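Chains as they are written, first to last, in my numbering: chain Z, 487 to 969; chain S, 14 to 269.
Hints are computed from structural coordinates only; laboratory data are not their basis. Keep in mind that a hint or two might mislead.
Straight-line C-alpha distance at most 25 Å; calculated DSS-like pairs for lysine-lysine [claimed, not checked]:
1. S:Lys-78 with Z:Lys-956
2. S:Lys-164 with S:Lys-152
3. S:Lys-152 with Z:Lys-911
4. S:Lys-84 with S:Lys-142
5. S:Lys-178 with Z:Lys-956
6. S:Lys-152 with Z:Lys-940
7. Z:Lys-552 with Z:Lys-517
8. S:Lys-31 with S:Lys-121
9. S:Lys-121 with S:Lys-84
10. S:Lys-78 with S:Lys-142
11. Z:Lys-653 with Z:Lys-530
12. Z:Lys-838 with Z:Lys-866
13. S:Lys-142 with S:Lys-178
14. S:Lys-27 with S:Lys-113
15. S:Lys-208 with S:Lys-178
16. Z:Lys-956 with S:Lys-142
17. Z:Lys-517 with Z:Lys-766
18. Z:Lys-940 with S:Lys-113
19. S:Lys-178 with S:Lys-113
20. S:Lys-78 with S:Lys-164
21. S:Lys-142 with Z:Lys-940
22. S:Lys-208 with Z:Lys-911
23. Z:Lys-911 with S:Lys-31
24. S:Lys-84 with S:Lys-27
25. S:Lys-31 with S:Lys-113
26. S:Lys-164 with Z:Lys-911
27. S:Lys-178 with S:Lys-121
28. S:Lys-78 with S:Lys-23
29. Z:Lys-517 with Z:Lys-530
Bear in mind the structure is a predicted one, so any value in this text is a computation, not a measurement.
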Amino acid sequence: MVSKSAIQEQMAKQEYKYGFVSDLDEETVPKGLSEDVVRLISHKKKEPEWMTDWRLRAYRHWLTMKEPTWSNVRYPPIDYQDIIYYAAPRPKKPVNSLDDIDPEIRSLYAKLGISLQEQERLAGVAVDAVLDSVSVATTFKEKLAGLGIIFCSFSEAVQEHPDLVRKYLGSVVPFNDNFFAGLNSAVFSDGSFAYVPAGVRCPMELSTYFRINAQDTGQFERTLIIADPGAYVSYLEGCTAPIRDKNQLHAAVVELVALDDAEIKYSTIQNWYPGDKQGKGGIYNFVTKRGKCLGDNSKISWTQVETGSSITWKYPSCILQGDNSQGEFYSVAVVNNYQQADTGTKMLHIGKNTRSTIISKGISAGYGRNTYRGRVQIHKGATNARNYSQCDSLLIGSTCAAFTFPDIQVQEPTAQMEHEASTSKIGDDQLFYCQTRGITPEDATNMIVNGFCKQVFLKLPMEFAVEAQKLIGVSLNLEGTVG
Amino acid sequence: MLEISNLQVKVGGKEILKGIDLSIQPGEVHAIMGPNGSGKTTLAQVLAGRVTYEVTGGSVRFEGKNLLAMKPEDRAREGVFMAFQYPVEIPGVSNAYFLKAALNAIRKYRGLDEIDAMDFVTLIQDKAKLLSLDETFMKRGLNEGFSGGEKKKNEVFQMAVLEPKFCILDETDSGLDIDALRLVADGINTMRGPKRSMLVVTHYQRLLDYVVPDFVHVLVDGRIVKSGDADLARNLEKHGYGWILEEAPKPQAARP
């Protein structure tokens with residue numbers, strides 16, 4: 487447990503800690519989207535023809551698609567021609583090692599609390615730092631390479647490992663999957679790529695820190711993780727963005743592929759700028775994350791802590807194709823002020839004896855709107871499939887809202903389904919009780935919230951759990967919401 | 014230790030306490046008895062700092078300080094404790110974690126360091142024995158799924174760990190069977206001492222058979238109408254509240 491005084495201190499300091507802007511020399515393409523822009527992005531990244539073609543096919547298909555309107559979030563229309571689709575910090579010289587990285591970028595990461603050196607030396611975490619779409623540095627690469635593990639930027643993977651990329655890119659999230667995935671497929675600028683060969687257990691947590699820095703830019707990263715038979719990998723992702731008055735679009739795609747007996751654990755702490763107290767600015771986080779348990783006995787586990795973004799639209803899902811495969815989804819989503827979240831998961835049971843677990847915790851405060859949306863599908867032939875779902879909502883104050891839309895489709899009589907849901911409110915009685923024991927209402931709220939999230943926090947790697955706890959305290963800005 | 018003078022309290026516009034005077038010295042145990050709706054719980058809650066109760070007159074001084082001006086958490090840190098009639102549940106927050114947070118908040122206020130983790134474990138083990146609570150109790154969510162009796166035991170257990178100077182026990186005996194009542198009463202009695210005072214709010218005499226008070230006050234319609242020693246409580250048990258009501262001076266202004 488992180489000490490409460492530390493949380494308090496942080497809360498007192500400011501509302502959004504990561505709201506600084508780094509003055510980097512950025513290289514951008516003109517605003518707007520066209521085939522030329524797609525080609526330009528591909529060209530700037532020196533991509534092979536097949537990649538350019540794939541982007542163009544995605545772009546042409548995207549033109550025929552309509553932005554989805556089924557979600558329970560509200561926002562003004564997005565002008566897709568008013569977005570810069572590519573921005574890269576202009577390096578002063580080629581980056582060969584950590585020491586070569588622009589000091590501005592280095593200090594930026596230091597402010598974020600992830601000194602690359604520190605990470606490398608102390609934590610044993612390999613960081614692939616993505617700043618405005620381009621991967622700045624990939625640490626630990628050599629150590630991982632010794633085990634046959636590939637961990638690099640997506641662009642590098644396109645150059646160095648084209649066979650793997652071609653084989654799996656779009657195999658879980660095809661470019662015609664949905665509007666935002668289509669857009670991403672056309673203009674994605676960078677992201678992370680990880681491949682763990684058969685039988686290898688990745689000895690460290692792989693980690694990427696994304697950050698949106700430039701103004702009016704959308705960030706469209708693309709991540710692909712492949713675990714060959716018997717492999718294991720745990721991947722961490724953390725996100726922050728500076729404060730801007732205008733809304734920024736973030737439409738990422740993450741694809742995971744687990745082969746026989748492989749396991750992928752994917753953890754996210756999402757703390758994009760949520761907008762101010764009046765709901766001005768903030769990130770539109772429209773993300774498609776999906777994993778495919780392709781092989782028998784494979785397992786994919788999603789853990790997410792969503793505290794940021796003005797709008798979150800995100801459903802990390804599992805396609806349980808292999809027999810005996812397992813999917814998990816553990817989520818904490820926090821909305822405050824005018825934030826809106828529509829998040830949940832899909833568990834598609836196709837293989838026999840497949841199992842899935844869904845634990846979703848939604849916390850709403852201020853004027854926030856929090857929606858859990860889940861779909862569990864048991865396909866014909868998926869005999870003895872099992873699902874356990876639990877979605878709990880916690881309300882703070884009387885102006886927020888929580889919604890739950892579970893959708894269960896069973897086509898197999900042997901399926902076992904369990905669904906539990908609860909809604910509770912932090913009551914004056916609870917706060918008063920804590921106060922009579924010497925605990926302030928702010929600390930009490932923090933304590934109650936952390937108790938509520940405990941099941942999910944336990945699934946996070948240790949350091950992340952501490953960070954998540956702090957973040958939730960900060961994003962609920964507890965002094966403002968209680969008493 | 015505690016000086017209540019002419020305390021008047023309204024709840025939702027309605028006058029509940031109509032001028033309470035009460036003086037409690039260190040080491041004394043006072044019992045407040047009275048029929049339902051007489052204002053017993055209101056008195057307890059006002060002392061603990063509940064904001065829904067509006068103090069319209071009078072004062073309360075705790076060790077010379079103006080208690081009513083303090084936030085509830087500061088009252089706790091100064092040494093006031095209330096054992097609730099209906100303790101709340103906080104799921105996912107373990108009893109042990111909660112108590113440690115409480116203890117450290119109080120220690121910090123008094124300029125002490127946070128308690129050492131091992132010392133804390135020893136402390137709660139000692140106090141748990143007092144109330145025959147087992148180890149798993151500490152790991153369970155705060156009052157989460159507790160029976161009525163367990164909740165009441167937990168209140169006294171918390172009191173034993175936090176070692177307040179002044180304890181308010183609000184209907185601590187309600188919902189307890191005879192064995193649990195004895196355990197809880199023993200717990201309370203071990204805490205009696207020359208420096209600690211208690212205010213025991215109860216509807217029935219039975220708790221007072223075990224926790225024998227130095228003074229008994231009868232609260233009727235927002236006023237203390239009679240005070241005496243432990244015998245008064247026994248008389249009440251035997252004869253009910255009726256005789257006191259007849260004896261008591263009538264309120265000067267009749268209510269509409």
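Evaluation of the provided hints:
no. : hint                     : in the structure
1   : S:Lys-78 with Z:Lys-956  : 36 Å, violated
2   : S:Lys-164 with S:Lys-152 : 14 Å, holds
3   : S:Lys-152 with Z:Lys-911 : 23 Å, holds
4   : S:Lys-84 with S:Lys-142  : 32 Å, violated
5   : S:Lys-178 with Z:Lys-956 : 34 Å, violated
6   : S:Lys-152 with Z:Lys-940 : 13 Å, holds
7   : Z:Lys-552 with Z:Lys-517 : 21 Å, holds
8   : S:Lys-31 with S:Lys-121  : 37 Å, violated
9   : S:Lys-121 with S:Lys-84  : 16 Å, holds
10  : S:Lys-78 with S:Lys-142  : 35 Å, violated
11  : Z:Lys-653 with Z:Lys-530 : 23 Å, holds
12  : Z:Lys-838 with Z:Lys-866 : 10 Å, holds
13  : S:Lys-142 with S:Lys-178 : 22 Å, holds
14  : S:Lys-27 with S:Lys-113  : 39 Å, violated
15  : S:Lys-208 with S:Lys-178 : 7 Å, holds
16  : Z:Lys-956 with S:Lys-142 : 36 Å, violated
17  : Z:Lys-517 with Z:Lys-766 : 22 Å, holds
18  : Z:Lys-940 with S:Lys-113 : 18 Å, holds
19  : S:Lys-178 with S:Lys-113 : 18 Å, holds
20  : S:Lys-78 with S:Lys-164  : 31 Å, violated
21  : S:Lys-142 with Z:Lys-940 : 29 Å, violated
22  : S:Lys-208 with Z:Lys-911 : 40 Å, violated
23  : Z:Lys-911 with S:Lys-31  : 34 Å, violated
24  : S:Lys-84 with S:Lys-27   : 23 Å, holds
25  : S:Lys-31 with S:Lys-113  : 38 Å, violated
26  : S:Lys-164 with Z:Lys-911 : 21 Å, holds
27  : S:Lys-178 with S:Lys-121 : 17 Å, holds
28  : S:Lys-78 with S:Lys-23   : 23 Å, holds
29  : Z:Lys-517 with Z:Lys-530 : 16 Å, holds
Of the numbered hints listed earlier, those contradicted by the structure are 1, 4, 5, 8, 10, 14, 16, 20, 21, 22, 23, 25.
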